[in-house]
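Q: Which chain is which? The protein sequence lines are A and B, in order.
Under our numbering, the first residue of the first sequence is numbered 1, with each subsequent residue one higher.
Under our numbering, the first residue of the second sequence is numbered 1, with each subsequent residue one higher.
Since the hints were derived computationally from the structure, they do not count as laboratory data.
Note that this is a predicted model, so its numbers are computed, not measured.
A portion of the hints provided could be inaccurate.
Unchecked claim - SDA-like, lysine to any residue: derived pairs with alpha carbons at most 20 Å apart: (1) 267(A) with 297(A); (2) 52(B) with 225(A); (3) 372(A) with 138(B).
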Amino acid sequence: MRPNREIDRLPEIGGIGVFLSTTFGRLLVSLFVPAVTFIVLYQVFIFLRDTQIPQWMTAIIAILWGVGGVLALFTLSNYLIEQLSPAWRRRLIPFVFVGPALAILTWYLVLPTIRSFIASLYDARGINFVGLDNYIYAFTSQEMLQSYRNNFIFWMIFGTGMSVGFGLLIAVLVDRTHPVFETICKALIFMPMVISGVGASVIWKFIYEYRPTGSTQIGLLNGIITALGFESQGWLLLQPWNNLFLVIIMVWLQTGYSMVIISAAIKGIPSDLLEAGRIDGANEFQIFRNIILPSIQGTLITVTTTIILFTLKIFDIVQSMTGGNFGTQVIANVQFVQLFRQVHNGRAAAIAIILLLAVLPVMYYNLRQFGKQTEAFR
Amino acid sequence: MTTTTLATPRRRRRFRFGTFMVYVVMIIITLFWITPTVGLLVSSFRPADDVKTSGWWTVVINPDKARFTLDNYRTVLGLPIPGRSSPTGSSRVGMDVALINTLTVALPSTIIPILIAAFAAYGFAWIDFPGRRALFILVVAMLVVPLQISLVPILRDYVALQLGGTYLGVWLAHTGFGLPLAVYLLYNYISTIPRDLFESAFLDGATHFTIFTRLILPLSTPALASFAIFQFLWTWNDLLVALVFLGAEPRVQVVTQRLLGLLGQFGQEWHLLTAGAFISMIVPLIVFFSLQRFFVRGLMAGSVKG
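Assemble the whole structure, with the sequences as input and the hints as a guide.
A: Structure follows, in structure tokens:
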């Protein structure tokens, strides 16, 4: 009944109702609605940029504006598409869905690989072409050579090795304990994972705090050392071992991650397999080596790769602990310094390209795995 | 271990000793792991003089001499302390402002990429269009690209667009860097939803948009939650993106930036540093302990991210 009544009422609304139902009217509406939306979003943006109202109020408006804006844009583009003929609708609707994601992805990640490469061939301000000068800097300068040593030997080999090693050890041990005990241990070891690199740096700087021997120690490590009768040490100044003390912070943060993933893999091993091993008289170590390790090999590779990628880009711990001084420089920190303190875009871009090259093997591996997995995806 | 019933008494005793040792080792490791955080927490409640003149562990060894105070937190959050004038200007620690700024950065930086990624995941999973596979491969390729690659070009764009130092700029940056993982995770989830669930809606003439907002979004809540927690913690704890795109002005700084500033400015004021650090950790810790299951699920699905 309802639709009929609305049709009956149409003439009563008068000229505007009739006008809006024509093609031209619809076109006008479909231009007017987005225009208003854009103007409103833009005005709020300007207001937020220049406003002096209390901080928390800005925050709330900003959140509503950001989230509401995205929703509005999606609804709007869908609305526009639905004004079109069915054929065009079918052609364009995929882009309402994947378009925004692809646009942002292209702007923030795809194009920057090319633009960074181009920038890496130019000088500090991006004006004069300098050829490979920035790469010569990146492969010969003292701070970059030091960074390679620290990134690859300390962070990648020691850091990843310790994170995965401890994670594996804890996962294997905790698997043999009471479930309640296991849950508590895992939660406590996993907890640092949610702490920021800067927060962790405050925690550990306090542990490494140095006071001369004889005065009261407030840093835990020197407290223990002096209680045992040794001289107190300036841990963060002891080159090159200070790198190891920074790596320990990363290990403290990341071990929980590898433990949780490895533990899940261990729980996934069929218990018949372990039972069979025990009945055949294998001891716990043999079971670990010959059953557990081979079964979780894939997981170990994934975890190791993830942590290697993490160590490659390590930044916040070094920035907040030493600022890259005292022989603790790393690649990402040199890039930051080049970008902001030296204002050398060319060098910063060249360093970014080196980081990209370093992850290419992983990207290749991911794509190959993806190609294998998704035969159905066509 | 049902086989222990078959074991000889000697073997059983050894087995028990082994289990005992496992517990001992695990307790030692766990204590080692939580000691740093406990030290921070204890120190943050001690008076400034005590923090500077004795180790925090003396509180554990000599509990009767221990003194505790909330003044460090009051100072750090800019709350009035009885009997003392409140600091102004550069001596103000300003963790209160930084906390609100961090929320302003982290909430939209979580919700916006999820919305955009959920739309995209649905598009890749259920709408057929030319180039679908190639475009999705592009998303997978971007999973491991380090965000350092975009600093130079995007900073240049932000100068041109006057987006530097704005929240919008930071949200978009976090969205860009979080999108590959978000699309990938949500695609894996949304593509496994059985087609029968929305087949009838299609036959009734529902559009993709209606099906997505009415059916798919509610059904995907677990996957959305997993990624939301992951992205929220990542943006809350981020330092680099904030330093690069938000800039150094105290009015907009987030907690990690503020904490880094404190390390330089109040490097020896451990009572303030510890309280500040704990304040920066409290939201992630609440999220972690209340939503642990979702977080772990997200981690499992999201290994190998750039």
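Q: Decide, hint by hint, whether the structure agrees.
A: Status of each hint after checking the structure:
| no. | hint | verdict |
| --- | --- | --- |
| 1 | 267(A) with 297(A) | holds, 14 Å |
| 2 | 52(B) with 225(A) | holds, 19 Å |
| 3 | 372(A) with 138(B) | holds, 16 Å |
Comparing the model with each earlier hint shows no violations; every hint is respected.
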